[in-house]
Amino acid sequence: MAGSVTSTRFRHVLVVNVHFDPDNYGGATIVAREVARHLRGAGMRVSAVATMQAEELPPYAVVRSHRDGIDTFRINMPPGPAPTARFWDDQMTARVTQIAAQVGADVAHLHCLQGLGAGLIPGLKAQGIPVILSIHDFWWLCQRQFMVQPDGRYCGQDPVRLRQCAGCVPNRPQLEERSSKLFAAVRQADLVTFPSAYAHGLSMRSGLPARRNVILENGINHPGPGFFDNQAARRATSPELTFGFVGGPSAVKGWPLVRAAFQRIDRADFRGIVVDGSLDGSWWRPSMFQGMRGEWQIHPRFEQSAGLDGFYASIDVLLFLSQWRETFGLVVREAISRGVRVIQTEGGGATEHRAVSRRLPIGASPEELSEALGQELRNRDAHPAPVPCRSFAEQAEELLLLMETL
Amino acid sequence: MAYGVPNPLPLASRLRSIAREEGTRAALGRVANYGRIRLAQSTVGKAVGFGAAARSIYALGPTWQHLAKNGVFFGARPVEQRHLAVIAEASLPQCTRYRVEQMAGLARSCGMGFAAADQRDEAEALTALQMASHVMFYRLEPGARTWMYLYEARRLGLPVLYDLDDPLFSVPAITGSRVSLPEILTRHFADAAPGILAVMSACDAISVSTPALVEAVRSFLPRPVFLRRNYADQGMLEPVTGPAPVPGGPGLTLVLASGSDGRSGDLAVARPAIERFLAEDRGRRLILIGHGLDHHAGLAPAVVPQVTQVPFLDYPAYLAQLAEADAVLVPLADDPFNLCKSAVRVFDAASAGRPVIASPCGDLPAAVRHGETGWLAEDLSGWEAALADLAGRADRGRRLGHAAREALRQDWGDPAAARVTDAGLTEWLAA
Numbered sequence: 001m002a003g004s005v006t007s008t009r010f011r012h013v014l015v016v017n018v019h020f021d022p023d024n025y026g027g028a029t030i031v032a033r034e035v036a037r038h039l040r041g042a043g044m045r046v047s048a049v050a051t052m053q054a055e056e057l058p059p060y061a062v063v064r065s066h067r068d069g070i071d072t073f074r075i076n077m078p079p080g081p082a083p084t085a086r087f088w089d090d091q092m093t094a095r096v097t098q099i100a101a102q103v104g105a106d107v108a109h110l111h112c113l114q115g116l117g118a119g120l121i122p123g124l125k126a127q128g129i130p131v132i133l134s135i136h137d138f139w140w141l142c143q144r145q146f147m148v149q150p151d152g153r154y155c156g157q158d159p160v161r162l163r164q165c166a167g168c169v170p171n172r173p174q175l176e177e178r179s180s181k182l183f184a185a186v187r188q189a190d191l192v193t194f195p196s197a198y199a200h201g202l203s204m205r206s207g208l209p210a211r212r213n214v215i216l217e218n219g220i221n222h223p224g225p226g227f228f229d230n231q232a233a234r235r236a237t238s239p240e241l242t243f244g245f246v247g248g249p250s251a252v253k254g255w256p257l258v259r260a261a262f263q264r265i266d267r268a269d270f271r272g273i274v275v276d277g278s279l280d281g282s283w284w285r286p287s288m289f290q291g292m293r294g295e296w297q298i299h300p301r302f303e304q305s306a307g308l309d310g311f312y313a314s315i316d317v318l319l320f321l322s323q324w325r326e327t328f329g330l331v332v333r334e335a336i337s338r339g340v341r342v343i344q345t346e347g348g349g350a351t352e353h354r355a356v357s358r359r360l361p362i363g364a365s366p367e368e369l370s371e372a373l374g375q376e377l378r379n380r381d382a383h384p385a386p387v388p389c390r391s392f393a394e395q396a397e398e399l400l401l402l403m404e405t406l
Numbered sequence: 001m002a003y004g005v006p007n008p009l010p011l012a013s014r015l016r017s018i019a020r021e022e023g024t025r026a027a028l029g030r031v032a033n034y035g036r037i038r039l040a041q042s043t044v045g046k047a048v049g050f051g052a053a054a055r056s057i058y059a060l061g062p063t064w065q066h067l068a069k070n071g072v073f074f075g076a077r078p079v080e081q082r083h084l085a086v087i088a089e090a091s092l093p094q095c096t097r098y099r100v101e102q103m104a105g106l107a108r109s110c111g112m113g114f115a116a117a118d119q120r121d122e123a124e125a126l127t128a129l130q131m132a133s134h135v136m137f138y139r140l141e142p143g144a145r146t147w148m149y150l151y152e153a154r155r156l157g158l159p160v161l162y163d164l165d166d167p168l169f170s171v172p173a174i175t176g177s178r179v180s181l182p183e184i185l186t187r188h189f190a191d192a193a194p195g196i197l198a199v200m201s202a203c204d205a206i207s208v209s210t211p212a213l214v215e216a217v218r219s220f221l222p223r224p225v226f227l228r229r230n231y232a233d234q235g236m237l238e239p240v241t242g243p244a245p246v247p248g249g250p251g252l253t254l255v256l257a258s259g260s261d262g263r264s265g266d267l268a269v270a271r272p273a274i275e276r277f278l279a280e281d282r283g284r285r286l287i288l289i290g291h292g293l294d295h296h297a298g299l300a301p302a303v304v305p306q307v308t309q310v311p312f313l314d315y316p317a318y319l320a321q322l323a324e325a326d327a328v329l330v331p332l333a334d335d336p337f338n339l340c341k342s343a344v345r346v347f348d349a350a351s352a353g354r355p356v357i358a359s360p361c362g363d364l365p366a367a368v369r370h371g372e373t374g375w376l377a378e379d380l381s382g383w384e385a386a387l388a389d390l391a392g393r394a395d396r397g398r399r400l401g402h403a404a405r406e407a408l409r410q411d412w413g414d415p416a417a418a419r420v421t422d423a424g425l426t427e428w429l430a431a
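Chains A and B, in that order, are what the protein sequence lines are.
When the count follows full-length UniProt numbering, it moves up by one through the first sequence with no breaks and lands on 406 for the last residue.
When the count follows full-length UniProt numbering, it moves up by one through the second sequence with no breaks and lands on 431 for the last residue.
So here's chain A without its partners, still in its complex pose (with noise of 0.2 Å):
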């Protein structure tokens, strides 16, 4: 929990983001709900608002949940299009602005807003209260949110033009609407954080207009007491390297160029796990490792409070080959603070640590990734010394002192 700061500004912020617990789903969800809790550790009174997908419920009603002192309201979307083309919705806003009402939230820390939509920012400050939006992906600069063209190549623009936007997405007229909106709302918010240089660059390069704007980097869950005996312990029981892969098997979080890697590589001697980060279970099949070597299996999705420590003690190395520049990269600070080694994807904010790490450029190719896992697989017992990472309660803290100069 975040230590003596507190708040004296402000007694009751309201979180927002896409999702938030109880459905766990990505890293900046994991982010929002595990610094509201620390932001709730500190004394100041927390309410969440997420959404929710129940065809059976009619659009915009609301379903309240509670977990360790935090009252989540999760809003029904309308059918229609995915939530990262729904960038405004004036029913939505009037439903968050409603809960901030009446639960008594004055100050909100807006995080991913697809879904949700943009008009919540000029919504909450109309209500007079002040709104710190942080920024964890491209939704705000690409309308595709990771800068992904629909070939499944990095697009690779530094700074982003609208204008190279076109061929990218079907109705050119609702990109510059789009840009017009959200560009007017961020120009509302009374501070915009974002995690990492590289994500506070390219935003600030490519004209974002955050009148106010910080690094505010994200943390991560220490390893818990325990936790280097056990991996220790199962270190000296298993004669195999593990490696771990954490996400969908998407091209966008490189799959394709593990599962080609793995196909290619001469031998067998070791082991990989993948953890099934989906709410359902649904996201990993064991056919897919089909023509892969080592011995593979699914490991399912785990938890902040429980699990996590269990699977980084478990693996040796994290596969990160992510095929976009991500804005931080949370998986990549649990390992290297665990000392576990890390094979990931050149730039963005996922390299902005103190670790040693095997890059690969995005877009590398299978062989070169083969001949990265054989350097790994040659060097089976060089652990790296764990690297520390910010905390959760760090960021939260900062998190405070910035409230208090709003």
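Keep in mind that the hints were calculated from the coordinates and are not lab data.
Do not rely on the hints blindly, as some may be mistaken.
Partial list, computed: chain A residues near chain B (C-beta under 7 Å) [to be verified]:
(1) Pro58
(2) Ala61
(3) Gln102
We put the CB at the ideal spot given by N, CA and C, even for glycine.
Following the hints, put chain B in place on chain A, whose structure we already have.
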């Protein structure tokens, strides 16, 4: 005495018994459900995906399961803010005004937030529940939607109040009513009574609009029952302008309003007196507002030309209609249903600055000071005396009307006053 396990009845016999007890539709539903289950368990059924779960009858069904699987089924009741959510059967505007909108006045006077939703609007009703510390169901009938709201309130740990203003749960009150309802409607209401009582039984406390209704509920339920009378809200205390009395002008005008069917039974107690009153002076008029008094309320053909029927519009228009008259008639038959009637017609008249001539039935005597703010007419001679008194007044009853309006403001304007609301209810809302 030892009980043996009964032999399982053959399916056909069971179906016959379901059809007899619950109706043909329920029996056919059971057959379909049974068939679905059997087919889902068969090899063929599994192969074609027939084993997939049927859609929940509750819109929240899958969400409840999702919350339960994730260990967050129960929501903690908000402790920092008190906020009342009302989910109402809102198809009757007048009832909604008195029982729902006026509850907002009480909640606010108790320092609570307030939100109300029509029970048919699931998005708003469910949303209101999520942000509430207390919930009130007004006049909800049993059904999947009501059970869903109730279960959701329990999931969220909310105390639940049931509110109503008619003895819809009481077969004696319904069958004892002297209103002229068709037999089929009386049976419909009587058949609905056990279901309404079941919903009331599932709530923590009951609030009702009259002392007689309190007693009626107590005879059925071992639940706290609170009196919450209707009161004069701000809208009723706004000045209503009517024509000034003109001595020697058009004849005296009476008005009678009805919001439900079959009110001619109520009129029976006063009909001869009214007919005589109209017949004495062809310049006198009777205005009938609303429905339930069709065919000129069965009045004698000779006076029908003096009777005007107008529809109920909205509340301000209704008060203006009352103000067109010199006195407001509220005849009520002396029966167990009317025993539970509130004094809203008296309040409406007072709001328009007009006195009532009313039967001393239900809660009306609590709101009428005989000879000061109106007349209480016990029987036919009472009605004749009251009408004669009105006719003898040069001010056409305006002084009584003004006194009624002043009494309304002084005695019935505070929703939290002991006269209006039981202290137990304000304590319940504060808990």
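Hints and how they fare:
1. At about 4 Å, the closest approach between the beta carbon of Pro58 (chain A) and any beta carbon in chain B falls short of 7 Å, and the interface hint on this residue holds.
2. For Ala61 (chain A), the shortest C-beta to C-beta distance to chain B is roughly 4 Å, which falls under 7 Å, so the interface hint holds.
3. The interface hint given for Gln102 (chain A) holds, since its Cβ lies 4 Å from the closest Cβ of chain B, which is under the 7 Å cut-off.
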